[in-house]
Amino acid sequence: MSYIKSSFRHPQATVNELGLSKKDYEGSLSTLCAGCGHDSISSAIIESYFDMNIAPHKVVKTSGIGCSSKSPTYYLGKAHGFNTVHGRMPSVTTGANMANRDLHYIGVSGDGDTASIGMGQFAHVVRRNLNMVYIVMNNGCYGLTKGQDSATADVGSAGKKGVPNQFSSIDLCQLALQLGAGYVARSFSGDKNQLIPIIKGAIEHQGFAFIDVISPCVTFNNTPSSTKGYEYVRDHLEATGTVDFVPVRQELKIVHPEGISQEVELHDGSKLVLQKNKHDYDLSSKRSAMDVIESVRENNKILTGMIYLNTDSQDTHKRINSVDVPLNSLSQSDLCPGSQVLDDLNESFR
Amino acid sequence: MSHKIKAVNDFVILFANINGSGSASANNLFTKAVFRLGIPVAAKNIFPSNIQGLPTWFEVRVSEKGYLGRREGYDFVVATNGQTFEKDYNDLMTGGYFFYDASRLLPAHLKRDDITEIGIPLTKICNENYSNPRLRQIFKNIIYVGALAYLFDMEFSVFEESIKSQFAKKAKLIEPNINALKLGYDYAKDNYANTCELNIQRRDLVADKIMIEGNDATGLGAVFAGATVTGWYPITPSTSVIEAFEKYCHKYRVDEESGQNKFAIVQAEDELAAIGIVIGAAWNGARAFTATSGPGVSLMSEFLGLAYFAEVPAFLIDIQRSGPSTGMPTRTQQSDMIAAAYASHGDTKHVLLIPSNPKECFDMTIQGIDLAEQLQTPVIMMSDLDLGMNLHMSDAIKWDDNYQWDRGKVFDFEDLESKKERWGRYLDVDDDGIPYRTIPATHPTKGAFFTRGSSHDEYAVYTEDGKVYEKGMYRLLKKWDTAKSMVPKAEIMNNNHSIGIVYYGTSSYAAQEAIDLLYKQNILVDTLCIKAFPFGQEVEDFISAHQTLFVIEQNRDAQMKTLLVNELHINPNKLNEILNIDGMPITASFIVGRMKKVVK
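Protein chains in written order, with this note's numbering: chain C, 1 to 350; chain L, 1 to 600.
Certain hints may be false.
[What the hints assert, rightly or not] Here are the simulated BS3-like cross-link-like pairs (lysine-lysine), alpha carbons at most 27 Å apart as the crow flies: (1) L/K189 x C/K78; (2) C/K58 x L/K419; (3) C/K78 x L/K446; (4) L/K419 x L/K471; (5) C/K78 x L/K409; (6) C/K318 x L/K262; (7) C/K301 x C/K161; (8) L/K471 x C/K23; (9) L/K420 x C/K23; (10) L/K111 x C/K58; (11) C/K58 x L/K409; (12) L/K209 x L/K169; (13) L/K478 x L/K409; (14) L/K124 x C/K318; (15) L/K189 x L/K111; (16) L/K471 x L/K420; (17) C/K301 x C/K276; (18) C/K58 x L/K446.
[Stated by the list, open to error] Covered stretches of chain L, as calculated for chain C (at least 3 residues, CB under 8 Å): (19) 252 to 261; (20) 436 to 442.
Simulated from the structure, these hints should not be mistaken for laboratory data. A virtual CB, placed ideally from N, CA and C, is assigned to each residue, including glycine.
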């Protein structure tokens, strides 16, 4: 146990536009291993919601089962949370979102929880384009059951047990792209500068936002022979570019060399700015996204950063044409047809 | 020809059809006509797991005495299916009537001199009158209904009215349908006058009753109960519950100004997701439900355990069919009782509601959604294929506009704001085992908690302290005791006879008829119709007050008996089993036959 709280205790705590300090966005003490990548992701989540001025109680946090899925207790302690069953976070989040479309939904899951037992639910929540942020804390192994390979482990990668994985690895970003996700990104738990703007963009995106975060398991999969260990990942990262999240009302101060930056305006007017590295591809092209993932992989590198963004996707509520107000706010007089209707119906049954 | 069965308003007709040939609407037209003549009628659709081509049967029992259960034996067979022709011919009772398409001759080897054959050249009449092949097929069915109207001496105007109301929105179909009826009627009149001695005569025995399928009433109930979210997965025989919900939502739940829906129906990827959606929605303050059948209940078990332990409301409807595994998916049974009662690993028990007729389907859907929220636990309504998918004569559905839904113990902003002591999600404040819950986003700083299926203390904090866990588990048992006084009471008829019979759900129809048959043989019985699990005190009292007891069920392993023995610590030898498992609705004569092996 790390006894490290994902916190930011500044002596002169700054407050956001809601008058809340970062402390108001924290959760309880982490019980994960010291150095676990997941704790860094929790910190990034705290910072993102703080910066975005979203009241913690307007957030619903969900998870499945596993190390990753314990983490919602470590952030946003004032938000309701639901630690569901293994691989089933997407369905519970779907139901919750159907009940109240006005809240922010963030689900965290692991590679076992998403790519194995929860593969079906993952595929279908993407298809539905549920308005949520879905973060996979991806360490290539089952941490809580002591280090078995997961379905995202690369072929040949070996963790603490030393036995190389023999089975094909699932790339969750490619899968999300194929299934129709409108926001796809990959990051690294050790790269907060990249992760935070990506989370902010995901929060602002209207529809399904998927972030695959490589998050090394220090205990079972941080060996020199593992492709999900800190050292290997740091050595093999290749970012699509640097990402900036520019809130509404804030002027764009960064000056990008022409031709290699791309700005995407999100639904509330905020912007996501990608300053591209060598791959000058179109962020809104699914085909280019697939291609760049593949070509980077061919060079034995791990592609991170913003991969795909389509801002005019329609979320589940739009697709099923549900009312603008939360369904859980409708009263009996809104919903119950009353006895007169039944009298007529009974007549039709005679 | 030795004799003909003579009967007025008391006989059974079997329609032997080909699935997908449009016979269902013709058979329903006939059934509704009997009902509209004021005579109690019961219909059983015995259909295959198939869309088109396989044999399908439709039984109609006309019963002036009001018996709505299935009765064995056919007085009259309408044989339109070559595949089953021989079987249908042989199954007819002595003295019965065999109605067939005489466009072709009866096979020579089919020779019975104890029945009356009525040959009507349905195909030939169709070919002469219609050129379109689809119309030929559809009107063939209407023609035999027309012929039956003559043979049973039914008022033709009733059929005309039915056709007019059925096609009120497609007026151009009225005339051709009535003409088809007339073709059959006239042919029978010209060729089979004074042949059939089964008559259907107008009575005034149905009062203000209605004819409705249980699943239709259930879907309607969910609308009145205020369900706004359903996740569901298609499975026979429960699909029509969701279809009904959707139909009535589109009728009554669309915002007039915006055209937007005041409901969310999500077709899920499987039953696991379906119940997950329900649990997520109910946790977040919406009324939610889903419907499934046995295989779905198996898949939902893990989630039911979560909802039980984390105390999240969930309303599930199980339209039972014949198991195990895929079993006979289009045949009825009451064989999910134990699976539903104790669904999921660990110590779990779930509240069950057991309707016997469509009105109860409606009422119990509303009550079930209330109970799920009051008790903060899954509530499962145990319907079955017979009740769900067949047209049943039922009391009219009623709604009291003064009735207010009971949302249970939910703290709102003011409750949380005014609370001085620490709020505990799982604190038993009222000593009834039911804690207070909060809905996400109710208050900026109070009332949030992390819902989990792992062990938790009274403040919803994770714990591995065995004592704390144990306290929580026993509180859940206290809640179970509270539930006993909240669920619907069993229906009891007790005149202090020594014999008691126990039944539930759709076994009620046959059981009630059996009581009359036994009475004629001077065997007097008291009755207990179970409506819910856990059992109330009245169930325990009835069982201890009777010497000889029979438990009537439609499963192999005496599942209700097992629940009674297990929960009430009854000596198993005290409960005689009457078990029908062939997938057909149980009959009164079956019950009487089994009982008489014990009671002389």
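27 Å limit on alpha-carbon distance, applied to hinted pair L/K189 and L/K111: holds, 25 Å
Agreement of C/K78 and L/K446 with the hint, judged by alpha carbon distance not exceeding 27 Å: Satisfied, since the Cα-Cα distance of roughly 7 Å is no more than 27 Å.
Distance restraint between C/K58 and L/K446, which requires alpha-carbon spacing of 27 Å or less: Given pair C/K58, L/K446 holds - Cα atoms ~12 Å apart, limit 27 Å.
Holds or violated: C/K318 to L/K262, with C-alpha atoms at most 27 Å apart: holds, 13 Å
27 Å Cα cutoff - pair C/K301, C/K276: At roughly 17 Å apart (the allowed maximum being 27 Å), C/K276 and C/K301 satisfy the hint.
27 Å limit on alpha-carbon distance, applied to hinted pair L/K420 and C/K23: Holds - the C-alpha atoms of C/K23 and L/K420 are around 23 Å apart, at most 27 Å.
Hinted pair C/K301 and C/K161, Cα distance within 27 Å: holds, 24 Å
27 Å limit on alpha-carbon distance, applied to hinted pair L/K471 and L/K420: Given pair L/K471, L/K420 holds - Cα atoms ~24 Å apart, limit 27 Å.
Hinted pair L/K478 and L/K409, Cα distance within 27 Å: Since the Cα atoms of L/K478 and L/K409 sit roughly 16 Å apart, the hinted pair holds (cutoff 27 Å).
Agreement of L/K189 and C/K78 with the hint, judged by alpha carbon distance not exceeding 27 Å: violated, 80 Å
Satisfaction of hint between L/K419 and C/K58, Cα-Cα up to 27 Å: Answer holds: C/K58 to L/K419 is near 21 Å, not above 27 Å.
Given pair status - L/K471, L/K419, alpha carbons within 27 Å: Measuring from Cα to Cα gives roughly 24 Å; hence the hint holds.
Checked against the numbered hints given earlier, this structure breaks hints 1, 8, 10 and 14; the rest are met.
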